[in-house]
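Visitor: Spelled out from the first residue to the last, the chains are:
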Amino acid sequence: MAKKKIDLTPAILILPAFILVVCVIIYPIISAVVTSFRYYRLTDILNTKFIGFDNYIKVWSDDAFIASLPNTFKWVAATVISQFIIGLTLALFLNRPFKGRGIVRSLSLVPWVTPGVVIALIWTWIYNGNFGVLNDILIKLGLISAKIPWLSNADTALNSQIVTMVWQGIPFFMIMLLASLQTVPSDLYEAAVIDGTSVIQRFRYITWPHILPTVISTCMLRVIWVFNNVEVLYLMTQGGPGYNSMTISLNAYIQAQKSLNFGYGSAIAVYGTLMMIAFMILYRSITKRFIEEE
Amino acid sequence: MVGRKSIAERLSYILLILIVAFIVIPYIWTFITSLKDTHELYSTTVSYLPKDPTLDNYIELFTTTDFFPAMGRSLVIAFLTAFIAVIVSSLAAYGFARYSFRGRHVILNGILLLYMFPTVLYLTPLFLVFRQIGILGTSWCLLISNCTFTIPFSISLLTTYIHGIPKELEEAAEIDGAGLPQRLVRIVFPLLKPGVVATASYVFISAWNEYLFAVMFTSSATRTLTVSLASLVGQYDIRWDMISAGAVTAIIPVVIIFLVFQRNLVEGMTAGAVKG
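First to last, the sequence lines map onto chains A and B.
Residues in the first sequence are numbered from 1275 upward in steps of one, following the working numbering.
Residues in the second sequence are numbered from 888 upward in steps of one, following the working numbering.
With the rest of the complex left out, here is chain A (with noise of 0.2 Å):
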C-alpha cells in the first residue's frame, strides 16, 4: 500500500464527512464567536451592530448569569459525583456472576437510551406537588408531614433535577466501568486472595488502579455531558423558581431561543465554552499524574 505519488483517494473518502462537519459544526461555532460581539436580537433585526466586548461586560450584570455560576458548579459536581458512585457499585455488582444478571444490566441500561423529553417528563410527574407519587409514598413512610412542590420550591428545584440527572446517568458508567473491570486480569485476584488480603484491598491495589484511566476519561466526559445539557433543567424548571436552578448553559439557551437574543446568548455560551476548556486543562494537567504513574 506504499505509493510515491500523491494519492487523492484518501481525501474523497474523507470529503463528504469533511464537508458537513465544516459547514454544520465549525462554520456555525466561529459564527457564533462573531455573533457574541454583536448586538443581534430577531425581534430587532435592523438595528444589528457590532459592540465589541458590551455582551461580555453585560453578562455581570444580569442576576440569571450570576445566579448561574454556582448552580452549574453544584448541577455538574454533584450530578457527576453521584453518577460515578452509583454507576461504579452497579457496575461492580454486574461484574460477578448472579442469577438474572443478564437482565439486570439490560434493564439499568434502558436510561441510557431514553430521550431527555421524556426523562424530563417522566420526573416532572413524580415530583408534582399535589398528585405526584413521590410526595405520597414519603407521606406514608413518615419522612415528610406535608407535600412538598418539588419543582417549584427554591430548595428543592435544582437537587431535584440533580436526581433526575444522576438516574439518567448511571447506566454510562455503569457501562463504561463494567467494560473496564472485565478486562482485570482473574489470576491477580485469585493470587491475592491465596495472600488472604481483605475484599477492600484488594479493590484498592488491583481494581481502582486498573480502571483508573476509564474512571478518569468517562468522568470528563460526563461533566461535558452534564454541564451541556439544557433539556432536561428547560422542560422541568426553566432555570425556575427565580433562578434557583438556571445554569450557563440553560442561560445561553433561553436567551437565544425564547428573548431571541442572539448576541447575548452567544456571548454566555462562548464564556460557557471557555469554562470547559479551562477545565479541561487543568482537569488533564491534574489526572496525568494518575495515568502516567500506570
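Heads up, some of the hints might be wrong.
As the list claims (entries may be wrong) - No farther apart than 30 Å at their CA atoms in a straight line, the calculated lysine-lysine pairs in the BS3-like style are these:
#1 Lys1348/A x Lys1532/A
#2 Lys938/B x Lys1421/A
#3 Lys1414/A x Lys938/B
#4 Lys1332/A x Lys1532/A
#5 Lys1054/B x Lys1080/B
#6 Lys1323/A x Lys1532/A
Claimed, not checked - Away from chain B, derived, C-beta distances all over 10 Å, residues of chain A:
#7 Pro1302
#8 Asn1321
#9 Lys1323
#10 Asp1337
#11 Ile1340
#12 Asn1427
#13 Glu1464
#14 Ala1465
#15 Asp1469
#16 Gln1475
#17 Arg1478
#18 Gly1514
To be verified - Okay, the calculated beta carbon distance ranges per label pair:
#19 Val1467/A x Gln1149/B: 28 to 34 Å
#20 Pro1344/A x Pro940/B: 51 to 57 Å
#21 Thr931/B x Pro1344/A: 34 to 40 Å
#22 Phe949/B x Gly1403/A: 25 to 31 Å
#23 Phe1347/A x Val1072/B: 29 to 35 Å
#24 Leu1056/B x Lys1532/A: 41 to 47 Å
#25 Phe1347/A x Gln1149/B: 31 to 37 Å
#26 Gln1019/B x Ser1380/A: 44 to 50 Å
FYI, nobody ran anything at the bench for these hints, they're computed from the structure.
Since the model is a prediction, treat every value here as computed from it, not as a measurement.
Here a beta-carbon is modelled for each residue, glycine too, at the ideal position from N, C-alpha and C.
Given the coordinates of chain A, work out where chain B should sit on it, guided by the hints.
Guide: This is chain B only, laid out in the frame that chain A set:
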C-alpha cells in the same frame, strides 16, 4: 465468620435491589399512569394500580393530537439519518484507517473534541444558515444537523472496527484486479457489519431522541415526536395520563432497537474505554 459474610452479602443485595428499583420504578410508574383514567389520576389519593385499566389515553393521544404523524416523521428522519451517517462515516473511517497522510492522527484525535462545544453555541448560527438557504421549518434541517453531529463519534467508532479487518484480504483482492469500490462493497462492508450495526443504532437513537434542534428548526407541520410530546406540557390543562402514554410510546422503538442490538452497541461504545 460464615454468618458475618452472609450478612454482608445480604446487605449488598439490598443495595443492588435499591439501585435497580431507583432505575426501574420511574418507568413502571409512567406505564401505570398511562393506564389510568383522568378522574382516578387527579383524585386526592394516589392509587398504585389502576382500578380500571384503560387504553383511552393512548387512543386520545393518537386521535386528538399530532403525536402519530410526528412519530412517523421521527421514524423516517431517524432511519434516513442513520443510513446517511453510516455511509458518510464509513467512507471517512476507511480513509483514516487505511491510508496514511499528514495530519491524520491530529484529525482523528481532535474530531471528538467537537463534542466539547455546547449545542447552544451552534443552535443560533445554524438557525440563521437554514433560514438563509430557505429550508428552515423542513425536515431537511434535522436530517442535516442530526447526521453531522453523529458523524465525529461514528467515524471514531468505525475506524476501530476497520482496523480489526485484516488488510491481507483486500490486498489479495487488489492483486486480482478489484478496484476500491468493489473491495469496499465485496470485502469491507460485509466484514464491517458489527460496526455498522453499532453505528446505525447509535445514530438512530440519537436522532429519535433529539429535541433541541427539532424544537428550533421545525414548524408545527413538521415537528417531531419529542417536540409534540413536550408541547403537551405547555397546554392549559396538563393531561399527565396522556403524556405518560406518549412517554411509553416514545420509548418503545429505542428500547426495541437497543435490546436487539445491545451487544454490538455496548461493544462499540466501550471499545474506547477498554483501550484506556
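Visitor: None of the hints should be skipped; say for each whether it holds.
Guide: Verification of the supplied hints:
Taking the CA atoms of lysine 1348/A and lysine 1532/A, the gap is near 25 Å; set against the 30 Å cutoff, the hint holds. Among the hinted pairs, lysine 938/B with lysine 1421/A is consistent with the structure: their alpha-carbon atoms are about 24 Å apart, no more than 30 Å. Pair hint lysine 1414/A plus lysine 938/B holds up; C-alpha atoms about 20 Å apart against a cutoff of 30 Å. The straight-line distance between the Cα atoms of lysine 1332/A and lysine 1532/A is roughly 19 Å, inside the 30 Å bound, and the hint therefore holds.
With a C-alpha separation of about 16 Å, the suggested pair lysine 1054/B and lysine 1080/B falls inside the 30 Å cut-off, and the hint holds. In summary, the hint linking lysine 1323/A to lysine 1532/A is supported, as the alpha carbons are separated by about 21 Å, within the 30 Å threshold. Look at proline 1302/A: its CB is around 4 Å from the nearest CB on chain B, not clear of 10 Å, so calling it non-interface is violated. Asparagine 1321/A, annotated as away from the interface, keeps every beta carbon of chain B farther than 10 Å; the closest lies near 16 Å.
The claim that lysine 1323/A lies off the interface holds: its Cβ sits roughly 16 Å from the closest Cβ of chain B, which is beyond the 10 Å cut-off. Here aspartate 1337/A stays apart from chain B, with its beta-carbon at least about 19 Å from theirs, past the 10 Å limit. Annotated as non-interface, isoleucine 1340/A keeps its C-beta farther than 10 Å from every C-beta of chain B; the closest such distance is 19 Å. Chain B leaves asparagine 1427/A outside its interface by the beta-carbon criterion, the shortest separation being 19 Å against a cut-off of 10 Å.
The claim that glutamate 1464/A is not at the interface with chain B holds, since no C-beta of that chain comes within 10 Å of its own (minimum 18 Å). Residue-level check passed: alanine 1465/A sits 21 Å from the nearest beta carbon of chain B, beyond 10 Å. For aspartate 1469/A, the condition that its CB be more than 10 Å from all CB atoms of chain B holds, with the nearest at approximately 18 Å. Even its closest Cβ contact with chain B, about 15 Å, leaves glutamine 1475/A beyond 10 Å, as expected for a residue assigned away from the interface.
Non-interface call for arginine 1478/A relative to chain B: holds, since the shortest CB-CB distance, roughly 17 Å, exceeds 10 Å. The beta carbon of glycine 1514/A sits about 14 Å from the closest Cβ of chain B, which is more than 10 Å, so the claim that it is off the interface holds. Between valine 1467/A and glutamine 1149/B the beta carbon distance is about 32 Å. The supplied range of 28 to 34 Å therefore holds. Checked against the hint of 51 to 57 Å, the C-beta distance between proline 1344/A and proline 940/B comes to roughly 46 Å, which is inconsistent with it.
Checked against the hint of 34 to 40 Å, the pair threonine 931/B and proline 1344/A passes, with Cβ atoms roughly 38 Å apart. Checked against the hint of 25 to 31 Å, the C-beta distance between phenylalanine 949/B and glycine 1403/A comes to roughly 29 Å, which is consistent with it. Range check, phenylalanine 1347/A to valine 1072/B: about 52 Å between beta-carbon atoms, so the 29 to 35 Å window is missed. Between leucine 1056/B and lysine 1532/A the C-beta distance comes to about 55 Å, which lies outside the given range of 41 to 47 Å.
Taking the beta carbon of each, phenylalanine 1347/A and glutamine 1149/B are about 35 Å apart, inside 31 to 37 Å as hinted. For glutamine 1019/B and serine 1380/A, the Cβ-Cβ distance of about 45 Å falls inside the hinted range of 44 to 50 Å, so the restraint holds.
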